[in-house]
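As given, the protein sequences belong to chains A and B, one line each in that order. Residue 58 in full-length UniProt numbering sits at position 58 of the first sequence, and the numbers go up by one each step. Residue 79 in full-length UniProt numbering sits at position 79 of the second sequence, and the numbers go up by one each step.
Derived from the structure by calculation, the hints contain no laboratory data. Note that the Cβ used here is the ideal one computed from N, Cα and C, for glycine as well. Don't take every hint at face value.
What the hints assert, rightly or not - Here are the simulated distance ranges between beta carbons:
1) B:A338 <-> A:N239: 43 to 49 Å
2) A:S174 <-> B:G318: 54 to 60 Å
3) A:N239 <-> B:G318: 54 to 60 Å
4) B:G302 <-> A:G124: 22 to 28 Å
5) A:S174 <-> B:K361: 29 to 35 Å
6) B:R66 <-> A:E363: 36 to 42 Å
7) B:L350 <-> A:S35: 18 to 24 Å
Claimed, not checked - No farther apart than 25 Å at their CA atoms in a straight line, the calculated lysine to aspartate or glutamate pairs in the DMTMM-like style are these:
8) B:K77 <-> A:E93
9) A:K77 <-> B:E85
10) B:K37 <-> A:E343
11) B:K37 <-> B:E163
12) A:K51 <-> A:E163
13) B:K37 <-> A:D351
14) A:K77 <-> B:D351
15) B:K73 <-> B:E30
16) B:K292 <-> B:D208
17) B:K77 <-> A:E85
18) A:K73 <-> B:E85
19) A:K37 <-> B:E352
20) B:K63 <-> B:E85
21) A:K361 <-> A:D351
22) A:K37 <-> B:D351
23) B:K37 <-> B:E57
24) B:K37 <-> A:D347
25) B:K37 <-> A:E238
26) A:K77 <-> A:D179
27) A:K37 <-> A:E76
28) A:K77 <-> B:D82
29) A:K37 <-> B:D347
30) B:K77 <-> A:E163
31) B:K73 <-> A:E85
32) B:K73 <-> A:D82
33) A:K73 <-> A:E215
34) A:K24 <-> A:E238
35) A:K292 <-> A:E362
36) B:K37 <-> A:D170
37) B:K63 <-> B:D82
38) A:K63 <-> A:D170
39) B:K77 <-> B:D208
2 protein chains.
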Amino acid sequence: MRTLQVDLGERSYPIYIGGGLLEKAGDFFEQHQQSTKSPVLIVTDDHVAPKYLPVVETSLQAKGYRTVSKVVKAGEKSKSLDVYEEVMTTAIEGGLDRRSAVVALGGGVVGDLAGFVAATYMRGVTFVQMPTTILAHDSSVGGKVAVNHRLAKNMIGAFHQPEMVLYDVDSLQSLPPRDVRAGLSEMIKHGLIWDAAFADWCREHTADLLALDPEALGYGLTQGCSIKSQVVSVDERENGLRAILNLGHTLGHAIEAIGGYGEFLHGEAISIGMAAAAKLAVNRGRDPQIYKQTVSILSGFGLPTAMPAHLNEQDVIGAMMHDKKFKEQTMVFILPLAIGRVEIVSDVTLDEVRQVIAELKEEGQHV
Amino acid sequence: MRTLQVDLGERSYPIYIGGGLLEKAGDFFEQHQQSTKSPVLIVTDDHVAPKYLPVVETSLQAKGYRTVSKVVKAGEKSKSLDVYEEVMTTAIEGGLDRRSAVVALGGGVVGDLAGFVAATYMRGVTFVQMPTTILAHDSSVGGKVAVNHRLAKNMIGAFHQPEMVLYDVDSLQSLPPRDVRAGLSEMIKHGLIWDAAFADWCREHTADLLALDPEALGYGLTQGCSIKSQVVSVDERENGLRAILNLGHTLGHAIEAIGGYGEFLHGEAISIGMAAAAKLAVNRGRDPQIYKQTVSILSGFGLPTAMPAHLNEQDVIGAMMHDKKFKEQTMVFILPLAIGRVEIVSDVTLDEVRQVIAELKEEGQHV
C-alpha cells in the first residue's frame, strides 16, 4: 500500500492506494477515530453497488458501525439537485448526526454528489472517499465538490476536504475499456501541466495502463494524485495556480453540457479540450510541436482529439459563456507553453475560440 | 451610525447599524472594493421589494454596478431547495461570476436563502447582508446559512461569513407588530444566555422597543449583535460554546416544523422553547424563579410562553428526533442556570421532554 499525504494544514488528509482496501474499510474508520455511535451514510451507484457495496457495509458493520446506503443511477445525470435532495432525505431518515460520516463509493459523479452532501448536511460532516474509477484519482484530491445546474456543470458546490481517501486499485479491474481510457485522460493531463517526465512515462506505458497492469496503475495513480495535491496545497481555493488543473476544461465542460452530460465522458471531453488548448497556443505563436505531441499522447490512448462534426459552434460558445471560467467578459484558458508547462491566459477572444473549433472540426474530417 | 466589528480572523467583517444606510449601499460596496465588472445579485421577498429594492438598485447602479434581482415569496416556505434552485438560475442567467456579490435584502429567511446561494454558487462568492427585520439582527451575525428540508429545518446549509452587514434601522419602522415582537424574542434571548444586565434593560425598555423608538432599537440591536458576535468569535463552527445560542431552539424548531413553518413565527416558537427550557431546568432542581422571570420578560413583550393545546405531543417529539440537536441517541438542550447564564446538557430524556410539554400545555389552559 502507498500512502500519500495531501498537505492542507489542519485540513490535511491521507490517500491510501493499494489492493484489498475496501474490505478493510472498518479498520481505517477505527484508525481515524470515527465514532461508532453515529450512523455512516454510503452513497454509491447502481453499477458499483452490486460489486462493492456489501464489502464496505460488512467491513464497517464488523467494527460496530451502523450504515445506511443510497444507491443512485450511474452517470452524470445523478449530479443534480433532485438526486442531492434524495440523498439528504436518506441521511435524515437514517438519523445521521453531526458526527456522522458520508462515504462516496464510486467514481467522480458519486464523489462530487456525496461530497456536496457531506459539505452541506447539517452545515458539514465528515467525508470519506472510496474511488472505484481511474478518473476519480483526480476528483478525490482537492476538496472540490458540486452538483450540476441544468444550465452549467459544477455550478453549485463547495470546498470540502475528505478525512481520508481509500483507493482500492482492485476495484479498477472491472472497469469497461472506455472508462479506463477516459480516466487516464486526467492522469495524462497531470503530466501535461506539471511534469514532462511523467507525461513521457504515460506515453511509454500506454499499453500497460490500458491493460490495467497493477504496478503501472499504482505508480500512475500515485503520481497523478501527487501532482494534483502539490498544486492544491499551494492554492486550496483556486485563487491562482490551481486554475492550471483546468487544462482542457473550458471547452471540455461546454462539450459535456451540450451533449446533456451523457454523450461524452468527462475524460473524452477534456481530451478534445486539451487538443483545442494546444491548437490555440500554436495559433498564438507557440511551437507547433506542442499540438502534435499533445494529440499523439492522447490519441495513443484512443482518446478523441477532434471536434465532433455534429456539435454546433454557437451551442459550444453559448455553453462556455455560462461557465465559471468566463470572467468579467473575457475568456480564461489554460494554454501549454511546452509539454509539462502551462500558462493561464485571460484574454482569449471569441474569434480565437471559433477558429479553433473550426480547425478541430477539420481534423475530424481527415481521420 | 454604530459600527460593530465581528472578529473572525481573516473572515472578520463589520456590521453598520444606523438610519439611511440602504440609499448609501453603492458607497459601502465601493468602500469594500467590490469590483463593478461583476454583476450583483439582490435577493429579496415580495413584502420588502416594493419598499426597498428600488432604493438599493438605484444606489448600486449609480456607482456603476450592474444588478440582477430575484424576488421570492415572503415566508419560511421560500427557504426550500426549489426556491434555492430558482435563485441559482437567476444568478447563472444574470451572468454572475466568481467575483460577484449576492445581497440578502430582507429578514432571516432571505438572509439564509441568499447566504446559502452565496456559499455554494461557483463554490462560494461574496455575501452582503441588508437586514430589514429585527429578527435578522440574530441571523446576520455568525455566518450560518441554510435552507430547510421537508423533514427538518435548516438541515441543508453551510458556514459562510458576509463581507459586511448594512443594518438600516429605518427599514424596521414599517414592520407589523407581530414581527416586531417575534424579532425581539431573539434579542431577549441574547440577554438570557449571556448578559443579565441586558436582559433587565430589555424588560425595562419593553414599551420603547415595541414602539420602535430609534434610540432603544439602535442600542438593543447593537447589544444583541455584539453578544452574538462574542459567542461566535470564540466558536465559529459550533464545536462547543456556540450551542448556547440555541436556547429555546430545540423545542422551537420542532414547533415550527409541525406547524409547516407557517403557523408560528420563529421568534414565537423559540419564546415557547425558552419557557420550556426554563421549566426543564426547574424540574431538574434549579431555582423556580428562573422560570418565573423568563416567562415574565417574554410575556411582557406579548410573546407566547405556553404550549398550544392543539399541538400533538408525539408530533413534537417526532420532529425533535430529526433535529440536529438530537445527537447519538441523547437529546441536547440549553438550560438556564440563572438569568444571563446557561449550560449545555446532553442527557435530557424523552420523559423529561414529555413532562415539560404537558406542563406547558397546562399553563396555556390557565391563561
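Tested hints:
1. B:A338 <-> A:N239: 43 to 49 Å: holds, 48 Å
2. A:S174 <-> B:G318: 54 to 60 Å: Because 43 Å falls outside the window, the suggested range is violated.
3. A:N239 <-> B:G318: 54 to 60 Å: Distance hint for A:N239, B:G318 is violated at roughly 45 Å.
4. B:G302 <-> A:G124: 22 to 28 Å: violated, 37 Å
5. A:S174 <-> B:K361: 29 to 35 Å: violated, 60 Å
6. B:R66 <-> A:E363: 36 to 42 Å: holds, 39 Å
7. B:L350 <-> A:S35: 18 to 24 Å: Because 22 Å falls inside the window, the suggested range holds.
8. B:K77 <-> A:E93: holds, 21 Å
9. A:K77 <-> B:E85: Cα-Cα ~16 Å, so holds.
10. B:K37 <-> A:E343: holds, 24 Å
11. B:K37 <-> B:E163: holds, 18 Å
12. A:K51 <-> A:E163: Cα-Cα ~24 Å, so holds.
13. B:K37 <-> A:D351: It holds: about 22 Å lies between the C-alpha atoms, which stays within 25 Å.
14. A:K77 <-> B:D351: violated, 46 Å
15. B:K73 <-> B:E30: Violated. B:K73 to B:E30 sits at ~30 Å, over the 25 Å cutoff.
16. B:K292 <-> B:D208: Between B:K292 and B:D208 the Cα gap is close to 23 Å, so the pair holds against 25 Å.
17. B:K77 <-> A:E85: holds, 16 Å
18. A:K73 <-> B:E85: Between A:K73 and B:E85 the Cα gap is close to 21 Å, so the pair holds against 25 Å.
19. A:K37 <-> B:E352: holds, 23 Å
20. B:K63 <-> B:E85: violated, 29 Å
21. A:K361 <-> A:D351: Holds: A:K361 and A:D351 sit about 15 Å apart, inside 25 Å.
22. A:K37 <-> B:D351: With Cα atoms ~22 Å apart, A:K37 and B:D351 stay inside 25 Å; holds.
23. B:K37 <-> B:E57: holds, 16 Å
24. B:K37 <-> A:D347: holds, 15 Å
25. B:K37 <-> A:E238: Holds, at roughly 20 Å.
26. A:K77 <-> A:D179: holds, 16 Å
27. A:K37 <-> A:E76: With Cα atoms ~33 Å apart, A:K37 and A:E76 exceed 25 Å; violated.
28. A:K77 <-> B:D82: Holds - the C-alpha atoms of B:D82 and A:K77 are around 18 Å apart, at most 25 Å.
29. A:K37 <-> B:D347: holds, 15 Å
30. B:K77 <-> A:E163: violated, 34 Å
31. B:K73 <-> A:E85: holds, 21 Å
32. B:K73 <-> A:D82: Measuring from Cα to Cα gives roughly 21 Å; hence the hint holds.
33. A:K73 <-> A:E215: violated, 31 Å
34. A:K24 <-> A:E238: At roughly 34 Å apart (the allowed maximum being 25 Å), A:E238 and A:K24 break the hint.
35. A:K292 <-> A:E362: holds, 15 Å
36. B:K37 <-> A:D170: violated, 50 Å
37. B:K63 <-> B:D82: Violated, at roughly 33 Å.
38. A:K63 <-> A:D170: holds, 22 Å
39. B:K77 <-> B:D208: violated, 32 Å
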